[in-house]
Structure formats: C-alpha cells, structure tokens
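Protein chains in written order, with the numbering used here: chain A, 3 to 296; chain B, 8 to 269.
These are calculated hints, taken from the structure and not from any lab test. Ideal placement from N, C-alpha and C gives every residue a C-beta, glycine not left out. Errors might be hidden in some of the hints.
[What the hints assert, rightly or not] Examples of chain A residues toward chain B, derived with CB under 10 Å:
1. 89
2. 152
3. 167
4. 204
5. 268
6. 272
[Said to hold, decoys possible] Below, a list of computed lysine-lysine pairs in the DSS-like style, where the Cα atoms sit at most 25 Å apart:
7. 276/A / 93/B
8. 79/B / 276/A
9. 286/A / 93/B
10. 276/A / 286/A
11. 286/A / 244/A
12. 93/B / 79/B
13. 275/A / 79/B
14. 253/B / 275/A
15. 276/A / 252/B
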Amino acid sequence: MERSARLRSGLLVLWVFLVGSLASAQVDLSGSWVPRDSRTGNNLNAVDYTGIPINDEARIRALSYAPAQISMLERQCQGWPPYYLAIGPFGIKIWPEMEMVRGATISWTIGAWEDRLPTQIWMDGRPHPSRNAPHERGGFTTGRWEGNTLVAYTTHMKAGALRRNGTPSSDEATMITRFIRNGDRLTVFAVVEDPIYLTEPWMLTKNFQLDASPLSPVGPPCTPAFEGAAGAGRVPHFLPEKNPFVGELTEWFGVPREAVLGGSETLYPEYRKKLKDQYVRPEKCLHDCGGPAR
Amino acid sequence: MTPRHLLGATLIMLAVLVPPAVAEGQGRGRGGPPPGSEPRLSPRQIAPADLTGYWVSVVTEEWRYRMLTPAKGDYQGLQLSAEARKIADSWDPAADEAAGHQCKSYGAPAIMRLPGRIHIVWQDDTTLRLVADAGTQTRLFRFGLPQPAGPRTWQGASAAQWETLGGGRGAAPSPAPGASLRVVTLNMRGGYLRKNGVPYSEDAVLTEYFTVAPLPSNGQALIVTTVLQDPRFFPQPYVVSSVFKKQPDASGWDPTPCSTTW
Numbered sequence: 003m004e005r006s007a008r009l010r011s012g013l014l015v016l017w018v019f020l021v022g023s024l025a026s027a028q029v030d031l032s033g034s035w036v037p038r039d040s041r042t043g044n045n046l047n048a049v050d051y052t053g054i055p056i057n058d059e060a061r062i063r064a065l066s067y068a069p070a071q072i073s074m075l076e077r078q079c080q081g082w083p084p085y086y087l088a089i090g091p092f093g094i095k096i097w098p099e100m101e102m103v104r105g106a107t108i109s110w111t112i113g114a115w116e117d118r119l120p121t122q123i124w125m126d127g128r129p130h131p132s133r134n135a136p137h138e139r140g141g142f143t144t145g146r147w148e149g150n151t152l153v154a155y156t157t158h159m160k161a162g163a164l165r166r167n168g169t170p171s172s173d174e175a176t177m178i179t180r181f182i183r184n185g186d187r188l189t190v191f192a193v194v195e196d197p198i199y200l201t202e203p204w205m206l207t208k209n210f211q212l213d214a215s216p217l218s219p220v221g222p223p224c225t226p227a228f229e230g231a232a233g234a235g236r237v238p239h240f241l242p243e244k245n246p247f248v249g250e251l252t253e254w255f256g257v258p259r260e261a262v263l264g265g266s267e268t269l270y271p272e273y274r275k276k277l278k279d280q281y282v283r284p285e286k287c288l289h290d291c292g293g294p295a296r
Numbered sequence: 008m009t010p011r012h013l014l015g016a017t018l019i020m021l022a023v024l025v026p027p028a029v030a031e032g033q034g035r036g037r038g039g040p041p042p043g044s045e046p047r048l049s050p051r052q053i054a055p056a057d058l059t060g061y062w063v064s065v066v067t068e069e070w071r072y073r074m075l076t077p078a079k080g081d082y083q084g085l086q087l088s089a090e091a092r093k094i095a096d097s098w099d100p101a102a103d104e105a106a107g108h109q110c111k112s113y114g115a116p117a118i119m120r121l122p123g124r125i126h127i128v129w130q131d132d133t134t135l136r137l138v139a140d141a142g143t144q145t146r147l148f149r150f151g152l153p154q155p156a157g158p159r160t161w162q163g164a165s166a167a168q169w170e171t172l173g174g175g176r177g178a179a180p181s182p183a184p185g186a187s188l189r190v191v192t193l194n195m196r197g198g199y200l201r202k203n204g205v206p207y208s209e210d211a212v213l214t215e216y217f218t219v220a221p222l223p224s225n226g227q228a229l230i231v232t233t234v235l236q237d238p239r240f241f242p243q244p245y246v247v248s249s250v251f252k253k254q255p256d257a258s259g260w261d262p263t264p265c266s267t268t269w
C-alpha cells in the first residue's frame with residue numbers, strides 16, 4: 003500500500019514536470035508591442051462589410067444597426083469582443099504568469115485597452131468551460147505552442163460585432179489566434195468562425211513591433227454618462243431599406259453596392275473580374291483620402 | 008487516477024517529449040557515420056515548412072484598395088513623404104502605358120497584395136520560384152548564394168533564409184511548425200505600392216516573412232508579412248500581412264498581363 007502511494011506520488015511529480023515542459027514558452031512574447039501596420043482600417047464607414055464572409059441574416063442585422071447604439075447608457079462600457087485585437091488601433095502589453103517553483107508558464111495575458119478587455123490565455127492544460135457555462139465579453143482562451151508560434155483558442159464570447167459598424171457576431175463564434183514572432187516584429191493571425199453569421203472562416207492579421215516604452219496593462223475606467231443620442235427605452239436603429247449610409251461607399255469611391263454588402267464570393271480573385279465592367283473609378287479622391295487636409 | 012493509468016499517461020507523455028534526434032541516434036547504433044561526416048543538406052532538404060503548391064489570395068482587409076483601382080490621390084492609411092504625395096497626385100496611367108511601364112504596380116513590394124493566385128515550386132535545391140498569375144510575374148528566392156548583379160527589375164533580387172525557433176536563422180530539423188521563410192529583396196525598379204500611383208523608390212529594401220499555418224477543416228493558410236523600408240517615400244516602414252489559402256490543384260489559375268488601370 004505504502005509502495006503504491008510512493009509510486010503514485012513519484013509519477014505525479016514527473017507528470018507535473020512533463021506537463022510544465024509542454025506548457026513552457028518557446029518564444030518570449032512578453033513586452034510592450036506597438037502597432038506597426040500600414041493597412042487601412044475598415045472601421046471608418048457605417049456600411050462597409052467588404053472582405054467579410056457574412057450571410058444574409060448578418061447583412062440584415064448589420065443594416066439595422068445605428069452607430070448611436072453605443073451611446074446608450076447601458077452599452078457605453080460594454081467594449082468590443084476579442085476580434086478587436088486584430089482590428090483595433092491599439093498596442094498590446096503581453097506578460098506571462100509563472101508558476102513560482104518550476105517557472106512554468108500558467109498563462110499569457112494580453113492587457114486591456116480602453117474599450118477592450120484583457121485576454122488571459124491559459125497554458126496549463128485546463129479545459130474550456132461547459133457549453134452551457136456563462137459567456138463573458140472577453141471569452142475564455144486556452145493556448146499551446148506550435149513550434150515557435152503561440153496558438154490561442156477562444157470560446158464563450160458574448161454576441162458582439164466583427165467590425166465597429168455593427169457587423170454582428172454571435173455567442174457561438176470561436177477564434178483561433180496565432181502569435182508569430184519574427185525578431186522584434188509580431189504578426190497576429192486570427193481566424194474567426196461563426197456558424198450563425200459567417201459562411202466561412204474570416205481571417206485577419208495585425209502587425210506589432212516591440213517597443214521599449216511600457217504600455218499600460220489596463221485600460222482607463224469606463225464611466226457611463228448621458229451622451230444625448232438616445233432617450234430612455236429607445237434603441238437607435240434603422241428599419242429595412244432605411245439605412246441612410248448604405249450608398250456611401252458607392253457614392254464616394256464607386257464601390258458597387260453588392261460588394262459593399264460583403265459575402266464569401268467577394269473575397270476571391272474571381273470577384274474582381276466580375277467587378278471590371280461595373281466599376282467606374284472616380285476621377286479624383288474627395289473623401290477620406292489620407293495625407294494633409296485638402 | 009490509479010498508478011497504472013498514471014504510468015500509462017506518463018509513458019505517452021515521455022514518448023511525445025523525447026527529442027527525435029535522440030531516437031534517431033539510438034536507431035543508428037555504433038555502425039553509423041562519425042559525427043561531422045554527414046553530407047551537407049540543401050535548403051530544400053532542411054525546409055522546416057512546405058510552401059510549395061497553388062495558393063489563392065483571400066482579400067479580407069483593405070478590400071477597396073486591393074480589389075479596385077482607387078482614385079488618384081487616395082492614399083488613406085499611408086504615411087508618405089511630400090515627394091511621394093506629389094508623385095501619387097500626378098499619377099497618369101496613360102503615360103505609364105505609353106512608356107511601357109504596365110507592370111509598375113506588379114513589383115515585389117506590391118505583388119503579394121494583389122488579388123490572384125500564386126504558384127510556388129522548388130526550381131532547384133537552393134531556389135524557390137514563385138509565380139503570380141496577376142501580371143504573370145516570377146520571383147526567385149535564392150538561398151545562400153550571392154545575388155547576381157544586373158539591371159534592376161520589377162521583382163529585384165531576393166535572398167532567402169529559413170527562420171526558426173526564437174527568431175534565429177539557419178538550418179533546422181524539418182518540419183518545424185511556425186517556422187518562417189525570410190526573404191530580403193533588393194535591386195528593384197521603383198514602382199507603385201498601390202495601383203493608383205503611390206510610389207516606392209528603387210532604393211527600397213523589402214523584407215518578407217512567409218509562414219504556413221493550419222486552418223479549420225484541414226486547410227492551410229500562407230501568411231506573408233511585408234516590411235518595406237524606403238525612407239525617401241515612407242518615413243516609417245510600410246508593414247502589412249497578406250493571407251493566402253492553399254488549393255489542391257491549379258483551379259482558377261489565370262495568368263493575365265499587367266494593366267495600368269485595372
């Protein structure tokens with residue numbers, strides 16, 4: 003009996019050591035990473051679903067969204083879902099939580115931004131919560147190393163938005179995020195799946211650079227205040243066919259309306275050929291052109 | 008968990024963690040070749056990732072700048088020098104056409120951002136060849152060889168290196184998940200980063216990282232991170248990542264000529 007107990011204790015110690023070895027970092031991601039990405043954000047226009055493989059239901063919901071919704075008292079502090087890591091404009095601070103005896107990494111934390119919650123990536127092998135567990139704004143994330151890439155898997159997110167213009171995401175959405183470090187550069191590659199609103203995985207990237215200036219690991223406190231946009235008991239919205247912004251990209255940049263509304267087909271080179279006969283390039287850029295004021 | 012179960016799980020874990028090199032060494036026994044006498048392996052043999060095959064671009068970001076040719080003067084999101092803005096503001100596709108510069112927006116810094124398909128093969132043991140059907144352009148990534156001097160071209164001269172664990176460079180046992188191919192390209196002709204005349208200069212240095220990642224349903228993605236250093240036109244390096252999806256075959260492969268307007 004005593005021998006069995008000793009064997010069990012010995013194996014447990016070995017087991018903990020081995021699991022710790024698997025969970026230990028291959029690459030050090032800790033530090034302050036500032037955004038170094040030259041792509042133009044897609045968060046500027048109220049109706050711009052280009053590049054998102056949304057289905058009809060998502061499109062209808064997105065077109066009913068009025069930007070004033072986030073001025074409602076109860077929505078001002080809700081923040082954006084974890085996808086915001088790849089689409090937001092902010093830098094990120096990353097640090098590990100260590101187990102003090104063996105030095106194994108229990109989790110990696112990506113600090114918060116003002117409207118994004120922190121993400122804790124559990125590396126200790128714990129399972130995801132049950133399907134019926136409550137969903138949180140930041141979701142629940144576990145991680146593992148694939149060579150020198152940290153791979154994070156997020157579930158249990160609340161319903162939210164894929165883009166800040168109300169393109170919806172459901173609470174059944176999941177996200178796999180890869181953190182790929184090349185020297186002092188970090189590429190985040192995210193793949194979002196949503197059986198309710200997406201017809202295929204949506205792929206996103208964002209690039210960061212390691213910086214010596216420390217970023218704050220926490221966002222500022224959010225205090226709701228009346229912003230004058232919505233009265234009590236009213237949710238700002240647009241009725242079907244009444245969204246006033248649906249023609250904006252067409253009018254300003256000549257983007258055909260069908261393309262503005264997104265969908266899987268629009269992501270691939272064949273669609274560009276289809277556009278060739280529809281697109282009339284504006285002679286000169288007059289809106290959101292970049293550069294100094296003109 | 009009983010000791011028997013714990014022992015079984017531990018043995019499985021040990022099998023996973025034992026370095027393959029140790030296992031190979033044991034299999035070789037005393038009759039194996041002495042250390043240092045193994046033939047030198049080529050970049051193709053030590054490749055920690057397989058980039059070969061047909062890949063299709065998936066345009067989920069900067070859609071209207073990539074799927075359409077933007078209007079003159081639209082350089083949103085780009086930090087440009089005054090000289091670069093002046094060039095962009097005077098973009099004249101007809102003049103480019105007349106001068107035979109149809110491929111000015113298909114150079115190495117721009118080609119991976121264009122919608123289309125790419126085909127990557129090993130040309131020989133030390134050279135990867137990438138062909139893009141957009142503009143029918145060919146790039147050669149040469150490992151470990153001095154770049155041949157010569158006239159500047161749209162695709163320039165590219166030196167390649169496998170980059171493995173911890174950002175280090177050099178040989179690696181294959182395969183190594185998450186390893187990147189680092190490609191540095193010089194000797195390019197000045198061209199357009201966007202089809203509407205946003206320029207890069209011939210002094211630009213292009214560094215790219217090619218990384219393969221698995222996708223749901225057994226798919227594969229190729230992430231190409233582009234870092235363009237061109238202080239004359241860009242006060243800060245231009246950095247973007249472009250994503251491709253692996254195809255099982257050449258479906259959709261459609262080589263097209265360069266165009267100044269589309």
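Each hint, compared with the structure:
1. 89: holds, 9 Å
2. 152: Holds, about 9 Å.
3. 167: violated, 14 Å
4. 204: Status holds, d = 6 Å.
5. 268: With a closest approach of 7 Å, the residue 268/A hint holds.
6. 272: holds, 7 Å
7. 276/A / 93/B: Violated: residue 276/A and residue 93/B sit about 32 Å apart, past 25 Å.
8. 79/B / 276/A: holds, 22 Å
9. 286/A / 93/B: holds, 14 Å
10. 276/A / 286/A: holds, 23 Å
11. 286/A / 244/A: This hinted pair is violated, its Cα atoms lying about 29 Å apart.
12. 93/B / 79/B: Distance of about 11 Å is within 25 Å: holds.
13. 275/A / 79/B: Roughly 21 Å between the alpha carbons, so the hint for residue 275/A and residue 79/B holds.
14. 253/B / 275/A: The given pair, whose Cα atoms are some 21 Å apart, holds under the 25 Å limit.
15. 276/A / 252/B: It holds: about 21 Å lies between the C-alpha atoms, which stays within 25 Å.
The structure fails to meet hints 3, 7, 11 from the earlier list, while all remaining hints are met.
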